[in-house]
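The task is simple: from the sequences and hints, build the whole structure.
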Amino acid sequence: MIRPDAPVLLEICDLHARVEEQPILKGVNLTIRAGEIHAVMGRNGSGKSTLSKVLAGHPAYTVTAGSVSYMGADLLELAPEQRSRLGLFLGFQYPVEIPGVSNLEFLRVSTNARRAQRGEEELDTFAFEDLVRERLKVVQMDPAFLDRSVNEGFSGGEKKRNEILQMALLEPLVAILDETDSGLDIDALRIVADGVNQLAGPDNATLLITHYQRLLDLITPDYVHVMAAGRILRTGGKELALELERTGYEWVDQELTSLGREPAEVL
Amino acid sequence: MPNTADWLTQLAGVPLPGRSQEEWRFTGLAALEALAPELWSGVDPFAQLSLPAGISRIGADQVQGLQQQVLKATGGSDAWSVRLNQGASPRCLALRVAGAADPLQLHFDAGAAPGLLALQLVLVLEEGASLDLLIQHGSSGPNATSLVAVVQLGRGAQLNLGLLAPGDASASLLSHLSISQAPASSLQLTTAVGGWALSRLEPCISQLDGAAQTRLRALQLVDGQELADTHSQVRFEGPDGQLDQLHKVVADGAGRSVFNGAVRVPRSAQQTNAAQLSRSLLLSDRARVDTKPELEIVADDVKCAHGATISRLQQNELFYLQSRGIGAEQASRLLLRGYCEEVLRELPAAAAALNPLKLLLREHP
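Going down the list, the protein sequences come from chains A and B. So the first sequence is numbered by this note's numbering: it starts at 1 and just counts up by one. So the second sequence is numbered by this note's numbering: it starts at 1001 and just counts up by one.
Among the clues, some could well be false.
Chain B is nowhere near these chain A residues, computed Cβ spacing over 12 Å in every case [claimed, not checked]:
1. R3
2. H16
3. Q22
4. I24
5. G72
6. L76
7. F128
8. E129
9. L131
10. L136
11. A188
12. I191
13. D222
14. E243
15. L259
Computed beta-carbon distance windows for the label pairs [claimed, not checked]:
16. L1277(B) - A73(A): 43 to 49 Å
17. K1303(B) - E21(A): 39 to 45 Å
18. E20(A) - N1003(B): 56 to 62 Å
19. P1052(B) - D124(A): 34 to 40 Å
20. M71(A) - R1312(B): 30 to 36 Å
21. G45(A) - R1345(B): 40 to 46 Å
In short, the hints are calculated from the structure, not lab data. Every residue gets a Cβ at the ideal spot worked out from N, C-alpha and C, and that includes glycine.
Below you can see the structure in the form of structure tokens.
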């Protein structure tokens, strides 16, 4: 939902970042207001996933220039846990398996960290069980997964549902979903997309990172951005994703060439 | 008062093992040599024991024969720790289990009294018998506990044996576990040891005619100046035996951890399926881990897998937790607990009430 007067939640200006010595982001600009759903598309290596990790504060990435303002604060100054507590959420492309750590305990500690930040009372084991059972419905998840270790032995679809369950518990203001659709069959994709649609509202925003139109058939974006060579090359409405589906990414190469960059740089 | 090294030599009948012996290459006995040269004189831990249904005592006349039989099968007879134990006037408990016995718990706490406490346990599980046994060690003073447990599993017997041993930085633990398995028997041995100046565990298992199942789970933690050593040995003396072994280490401070995992598969042990994994977590630059698989495989139609990893806490796991609002310190603690829990949750059920994680982790506030 686009409302020009809605408050700006996230503002990325001329963001440059590298991993080890390799520059990946080369000047990303993006403004996200409350109520909006953005999709970032692009080929492998265009910098989409790097953008999501930089926003979440992954220690392997170094920001070399630019700024990110989140709810008026300097996001890049905050530790990853602080970003989460303040309502920034990253749904991982590859959720991490943590043997021996109970999923339920993990979800509770995480939820309480966010609640404490919001000045809400922390939930004890019993109160939390009630909450989590209610939120399980968002992703139609089997409660048996609560008793297992975090993501351990979960199928691809179960891991992604577990991500959306975390999102449902943390109630983020800005949710970044990094290739949430990868590795999902059509039923799991529908469940995950339903979950995201249920959680999207006028006061929060969603940033979908995806390769494919098929996720956007289920979650309608307000804006579609095409990333290439570490920046956003073009921005449009949902019809831009359909156009990409039709024409592929070849025009990206032409556009990059006309900008004086080698298409090879894309990879 | 005699010199402690001389006294120990006299008890064992052979000189103290030194670094020139492969079995003791990384394991100095300084902590034992600092002991007062006297036998521990506390209350006999076996005195007041009441036995659950299905478990009876074995007559003293049979004990020695049983010990010799099992120690011969496992090759434990010549172990220095066994010799020392035998020379130190051990207190002995010998039990026979028939049918499905109720769980048994034995608690050997050397307390603060000085000296060397020697204990012997003889356990026979008859054909088809089953038992959950949790042995708990403890200490709060400058002493050493030497345990020699000799276990015979009859055909189809099932033993779930746990050893939970949170120690004291001035105390030592020497634990030799010789276990013989008849075909179709199943052994689960879970050991969790931490906090001792010196600990040495010697699980020596022999599948007498193969065709048995052995599952070993171990966690050993060192911090400060502690030294923990596990020398395990599994022998397959017949075909179709199975072994699943996981040995985990947490090394912090200037602690030192040693693991040697021997697996012997002679020609007669075709179709053996054995897997051994050693995983070590190094939490400090000063800690040291020595880990070594020792596979001796003569049979040609077998599966024997082994692997060893030594690492710090996984950065991707830490980041995942942090990205969910969990601070770096709490995240590290959660990961460490999870790492330990993977082994601790396999202890016999009675262990849960003792909160083994809390006993072993000595978490910094």
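Those earlier numbered hints the structure runs against, lowest number first: Those not satisfied: there are none.
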